[in-house]
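Asks: Using the hints provided, position chains P, H and D relative to the given structure of chain A.
There are 4 protein chains.
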Amino acid sequence: MTTQFDPQALAEHYAKATPQEILSLALEHFDDLWLSFSGADDIVVLDMAWKLNKDIKVFTLDTGRLHPETYQFLQHVREHYGIKLEVLSPDHLALQKYVSEKGLFDFYQSGHGECCGIRKIEPLRRKLSGVEAWITGQRRDQSPGTRSHVPVIEQDQAFGNDANPLIKFNPLANYSSEEVWTYIRMLEVPYNTLHERGFASIGCEPCTRPTLPNQHEREGRWWWEEATQKECGLHAGNLIAKN
Amino acid sequence: MTTQFDPQALAEHYAKATPQEILSLALEHFDDLWLSFSGADDIVVLDMAWKLNKDIKVFTLDTGRLHPETYQFLQHVREHYGIKLEVLSPDHLALQKYVSEKGLFDFYQSGHGECCGIRKIEPLRRKLSGVEAWITGQRRDQSPGTRSHVPVIEQDQAFGNDANPLIKFNPLANYSSEEVWTYIRMLEVPYNTLHERGFASIGCEPCTRPTLPNQHEREGRWWWEEATQKECGLHAGNLIAKN
Amino acid sequence: MTTQFDPQALAEHYAKATPQEILSLALEHFDDLWLSFSGADDIVVLDMAWKLNKDIKVFTLDTGRLHPETYQFLQHVREHYGIKLEVLSPDHLALQKYVSEKGLFDFYQSGHGECCGIRKIEPLRRKLSGVEAWITGQRRDQSPGTRSHVPVIEQDQAFGNDANPLIKFNPLANYSSEEVWTYIRMLEVPYNTLHERGFASIGCEPCTRPTLPNQHEREGRWWWEEATQKECGLHAGNLIAKN
Amino acid sequence: MTTQFDPQALAEHYAKATPQEILSLALEHFDDLWLSFSGADDIVVLDMAWKLNKDIKVFTLDTGRLHPETYQFLQHVREHYGIKLEVLSPDHLALQKYVSEKGLFDFYQSGHGECCGIRKIEPLRRKLSGVEAWITGQRRDQSPGTRSHVPVIEQDQAFGNDANPLIKFNPLANYSSEEVWTYIRMLEVPYNTLHERGFASIGCEPCTRPTLPNQHEREGRWWWEEATQKECGLHAGNLIAKN
Numbered sequence: 001m002t003t004q005f006d007p008q009a010l011a012e013h014y015a016k017a018t019p020q021e022i023l024s025l026a027l028e029h030f031d032d033l034w035l036s037f038s039g040a041d042d043i044v045v046l047d048m049a050w051k052l053n054k055d056i057k058v059f060t061l062d063t064g065r066l067h068p069e070t071y072q073f074l075q076h077v078r079e080h081y082g083i084k085l086e087v088l089s090p091d092h093l094a095l096q097k098y099v100s101e102k103g104l105f106d107f108y109q110s111g112h113g114e115c116c117g118i119r120k121i122e123p124l125r126r127k128l129s130g131v132e133a134w135i136t137g138q139r140r141d142q143s144p145g146t147r148s149h150v151p152v153i154e155q156d157q158a159f160g161n162d163a164n165p166l167i168k169f170n171p172l173a174n175y176s177s178e179e180v181w182t183y184i185r186m187l188e189v190p191y192n193t194l195h196e197r198g199f200a201s202i203g204c205e206p207c208t209r210p211t212l213p214n215q216h217e218r219e220g221r222w223w224w225e226e227a228t229q230k231e232c233g234l235h236a237g238n239l240i241a242k243n
Numbered sequence: 244m245t246t247q248f249d250p251q252a253l254a255e256h257y258a259k260a261t262p263q264e265i266l267s268l269a270l271e272h273f274d275d276l277w278l279s280f281s282g283a284d285d286i287v288v289l290d291m292a293w294k295l296n297k298d299i300k301v302f303t304l305d306t307g308r309l310h311p312e313t314y315q316f317l318q319h320v321r322e323h324y325g326i327k328l329e330v331l332s333p334d335h336l337a338l339q340k341y342v343s344e345k346g347l348f349d350f351y352q353s354g355h356g357e358c359c360g361i362r363k364i365e366p367l368r369r370k371l372s373g374v375e376a377w378i379t380g381q382r383r384d385q386s387p388g389t390r391s392h393v394p395v396i397e398q399d400q401a402f403g404n405d406a407n408p409l410i411k412f413n414p415l416a417n418y419s420s421e422e423v424w425t426y427i428r429m430l431e432v433p434y435n436t437l438h439e440r441g442f443a444s445i446g447c448e449p450c451t452r453p454t455l456p457n458q459h460e461r462e463g464r465w466w467w468e469e470a471t472q473k474e475c476g477l478h479a480g481n482l483i484a485k486n
Numbered sequence: 487m488t489t490q491f492d493p494q495a496l497a498e499h500y501a502k503a504t505p506q507e508i509l510s511l512a513l514e515h516f517d518d519l520w521l522s523f524s525g526a527d528d529i530v531v532l533d534m535a536w537k538l539n540k541d542i543k544v545f546t547l548d549t550g551r552l553h554p555e556t557y558q559f560l561q562h563v564r565e566h567y568g569i570k571l572e573v574l575s576p577d578h579l580a581l582q583k584y585v586s587e588k589g590l591f592d593f594y595q596s597g598h599g600e601c602c603g604i605r606k607i608e609p610l611r612r613k614l615s616g617v618e619a620w621i622t623g624q625r626r627d628q629s630p631g632t633r634s635h636v637p638v639i640e641q642d643q644a645f646g647n648d649a650n651p652l653i654k655f656n657p658l659a660n661y662s663s664e665e666v667w668t669y670i671r672m673l674e675v676p677y678n679t680l681h682e683r684g685f686a687s688i689g690c691e692p693c694t695r696p697t698l699p700n701q702h703e704r705e706g707r708w709w710w711e712e713a714t715q716k717e718c719g720l721h722a723g724n725l726i727a728k729n
Numbered sequence: 730m731t732t733q734f735d736p737q738a739l740a741e742h743y744a745k746a747t748p749q750e751i752l753s754l755a756l757e758h759f760d761d762l763w764l765s766f767s768g769a770d771d772i773v774v775l776d777m778a779w780k781l782n783k784d785i786k787v788f789t790l791d792t793g794r795l796h797p798e799t800y801q802f803l804q805h806v807r808e809h810y811g812i813k814l815e816v817l818s819p820d821h822l823a824l825q826k827y828v829s830e831k832g833l834f835d836f837y838q839s840g841h842g843e844c845c846g847i848r849k850i851e852p853l854r855r856k857l858s859g860v861e862a863w864i865t866g867q868r869r870d871q872s873p874g875t876r877s878h879v880p881v882i883e884q885d886q887a888f889g890n891d892a893n894p895l896i897k898f899n900p901l902a903n904y905s906s907e908e909v910w911t912y913i914r915m916l917e918v919p920y921n922t923l924h925e926r927g928f929a930s931i932g933c934e935p936c937t938r939p940t941l942p943n944q945h946e947r948e949g950r951w952w953w954e955e956a957t958q959k960e961c962g963l964h965a966g967n968l969i970a971k972n
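Chains as they are written, first to last, in the working numbering: chain A, 1 to 243; chain P, 244 to 486; chain H, 487 to 729; chain D, 730 to 972.
Simulated from the structure, these hints should not be mistaken for laboratory data. C-beta: ideal position from N, C-alpha, C; glycine also. Careful: at least some of the hints might be erroneous.
To be verified - Footprint (simulated), chain D over chain H, 3 or more residues, beta carbon under 8 Å:
#, region
1, 549-557
2, 663-669
3, 700-713
As the list claims (entries may be wrong) - Result set (PhoX-like, lysine-lysine): computed pairs, CA atoms no more than 25 Å apart in a straight line:
#, chain 1, residue 1, chain 2, residue 2
4, D, Lys786, A, Lys97
5, H, Lys570, H, Lys537
6, P, Lys345, H, Lys613
7, P, Lys294, P, Lys259
8, H, Lys588, P, Lys297
9, H, Lys502, P, Lys340
10, P, Lys345, H, Lys570
11, A, Lys51, D, Lys831
12, D, Lys780, A, Lys102
13, H, Lys570, P, Lys340
14, A, Lys102, D, Lys813
15, A, Lys54, A, Lys127
16, H, Lys583, P, Lys327
17, A, Lys16, A, Lys51
18, H, Lys502, H, Lys537
19, A, Lys97, D, Lys826
20, H, Lys543, P, Lys340
21, P, Lys327, H, Lys588
Chain A on its own, in the form it takes in the complex (with noise of 0.2 Å):
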């Protein structure tokens, strides 16, 4: 990393610029950046990447969970982009003690934290320990209680630290559902068959339901807990932020 980038400063600057202007500057500046990609429609970030730079490294989070329709559709980016595609699983000691332990739904009773725990953030924290830079799908108006202030780019405390500080890009922060779908079906780019039988928001199948028409999209996630704490933890930045 350039001792000289500074996430705030540049946040700012770059704050009105487009996803493409964002992603350069991403790109410039880091060897060892990543774009994390979920399955879902964050496929546009992953197309913009790719457009800049056919060798833009991508990792994803199997989570052993996941909707067939999604390992299919990890499995068709796979193959249409020609990346190679790191696919992490979770510590399968600790994951076997917690599932035999409490069960293969245990999240309905005691909330989702502690399997988005085994199954997401260890393996990412194991990911992004040692990488300077991620980018990410995220979008402001994917959540309003926790995502409303999502900056295009931040220093991020969650995964590093002062002492190997992790730069965060979040290039798709200011667009909308909207847009986001406008790019995919003009492009025709491709997506999830989920979006076809009414999910919006996609996550692991026994934590993701369709949404009705004109519902917002985190309903269908995590649905029978607050909309406050409607993050698995991959950015659990936005939480801190929120205190």
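Replies: Using the frame of chain A, we list chains P, H and D on its own:
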């Protein structure tokens, strides 16, 4: 029908009225008043009318090609509201001739006109002949191409005429899809389960498909045809009025 | 019909004949011969007949409540074999009256008799009046309770009478379900995709369900009724014969 | 393990015994006895064992690619029987390496060997090392190619060895699919809902498909491969024994 009923003047007077005010007007003025229910999100107008008058007369057009879920919903509505629900079927001789000659999916080649003519328009015409007034769930926002000028009250020139005037009430003309769905969710009105699988607008099974997030609901109907032809003829006046 | 055709004597003579031999006999003796096709695994008898005579006349009963997959299959068969496929519909006045009065799922309470009577028997009677002979896909193994004595050839007493004799051919009477499916797979005959989702026997959508492994196919039909009533009336002779 | 346990002699002695008699023998002789449950119709052996001993120890292999319905069924079984259900997961480092390099559907190209090796065999080997005896739901009729000689009791040469002998009980070896399903229906044993949708044999989601009526259940597994390779390796002894 009371002779002094002036649809054009009342349409202006009620242009900004609530759906309930328009329904009250209809119920006050007409005994021979029928609500046309399609088994989709027009459940809202049925719910509103029923709350004003438990004896509201309702009919539906069973084209013989509805989704299994729509038949289940029609029955659920019949039982939930305790209404009779008149179910109209297409003339079997015309239907047999058409389907035997042109097959079961002719509309994909020849357009939906002939099929809708037999399965929807003829039974509707049969029903409305001799009826004084009817109520629909049409909304302006359902179809930018054909419904953007739907008045709240009109004289129906498609199914009535000067000798046998027919008044048509469109109490939801000004309602948005968002308002419809807020009503359904807030008042816990029953809805067609297809709405949980990506369907916004619902018609016959082979001629309806789910829409993607942020795609206009009308793109889920007769998608192989031009936008300006996306009316089955039930609301033929919308097309006449535009010429 | 040739006067010398003696169904009982021929039934004995052809008791062990192949389906093709029985079909050849039918095709030789009758011009006014119709094959009744339901859109299920009776595709085998249609395939056999068509291979003997490309001009085989075929009809089907569109009850108005078939599965979407069955409508697609009927169309596929129409195109694959290049046949006309006469599609019969229920009398709309009788249908409207029944459904408006008793609802769309009355059969679950009152039994399937009245509904089958309107949707299947009346159109079939209309079709067979004046016809000399028809071919079905009935098999003895389809229903231990009602079909175990189906002869390969019979005089139809349910839809014909002595003044207007009607001959009924059941070329698959001796075939087992296993033979039917071996035929379909070996000869790559098209089949209803419902058969890929656990459906063995296929009728109307609300009155058909998939069966479990090793469950008799007839348990997927009118499962809320007694086994001895599991006939829609198309083959009413089976019930008459037992008394 | 008691030293005098002679699997070969007992296999002969119990060759015609009921599943319950074989299970009783297993429960008598071994404390460190585990039942392997796959989430399919081997629920029958679990039900039988649990009725003999409510403390029966059960494990399952969560490959990370099971059907959502199978995860639901595993949880249902856990709650219905009040058992702990040990859930084993594949080593995440091996899994990440395999999937990142070869993609998420490599088995369609390279065969299922490597994937089953990582997702099933390694966790099973880990579990069985040090265990004295295990119980499976294998049946001879499941696979004419590979399981036709499965004994009711055997010394497991695939996961045990002479230094650490492992006894394997196959109490359903002589049972037919028909008997399994009669047991499930008569005793109202819970079953995986996939069995209601045409699935007979059930494994991982991408490697399992429904079968047609009268198609052998094994044709629903790894259908792109030769019949003689349709074993995941859990019962590797079946292949060894044939050479």
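Asks: Next step is simple, just say for each hint if it's right about the structure.
Replies: To see whether the hints hold, each was checked on the structure:
1. 549-557: violated (count 0)
2. 663-669: holds (count 5)
3. 700-713: Holds, because 3 residues of the region 700-713 of chain H bring their Cβ atoms closer than 8 Å to Cβ atoms of chain D.
4. D:Lys786 / A:Lys97: Holds. Lys786 (chain D) to Lys97 (chain A) sits at ~16 Å (cutoff 25 Å).
5. H:Lys570 / H:Lys537: holds, 16 Å
6. P:Lys345 / H:Lys613: The hint holds at about 19 Å.
7. P:Lys294 / P:Lys259: With Cα atoms ~21 Å apart, Lys294 (chain P) and Lys259 (chain P) stay inside 25 Å; holds.
8. H:Lys588 / P:Lys297: holds, 19 Å
9. H:Lys502 / P:Lys340: Distance ~40 Å between Lys502 (chain H) and Lys340 (chain P) Cα, so the pair is violated.
10. P:Lys345 / H:Lys570: holds, 9 Å
11. A:Lys51 / D:Lys831: Satisfied, since the Cα-Cα distance of roughly 24 Å is no more than 25 Å.
12. D:Lys780 / A:Lys102: Given that 25 Å is the threshold and the Cα spacing comes to 24 Å, the pair holds.
13. H:Lys570 / P:Lys340: holds, 12 Å
14. A:Lys102 / D:Lys813: Answer holds: Lys102 (chain A) to Lys813 (chain D) is near 9 Å, not above 25 Å.
15. A:Lys54 / A:Lys127: Given pair Lys54 (chain A), Lys127 (chain A) holds - Cα atoms ~21 Å apart, limit 25 Å.
16. H:Lys583 / P:Lys327: holds, 12 Å
17. A:Lys16 / A:Lys51: holds, 21 Å
18. H:Lys502 / H:Lys537: holds, 21 Å
19. A:Lys97 / D:Lys826: Holds, at roughly 23 Å.
20. H:Lys543 / P:Lys340: Holds, at roughly 16 Å.
21. P:Lys327 / H:Lys588: Roughly 9 Å separates the two Cα atoms, so the pair holds.
This entry does not satisfy hints 1, 9, going by the numbered hints stated previously.
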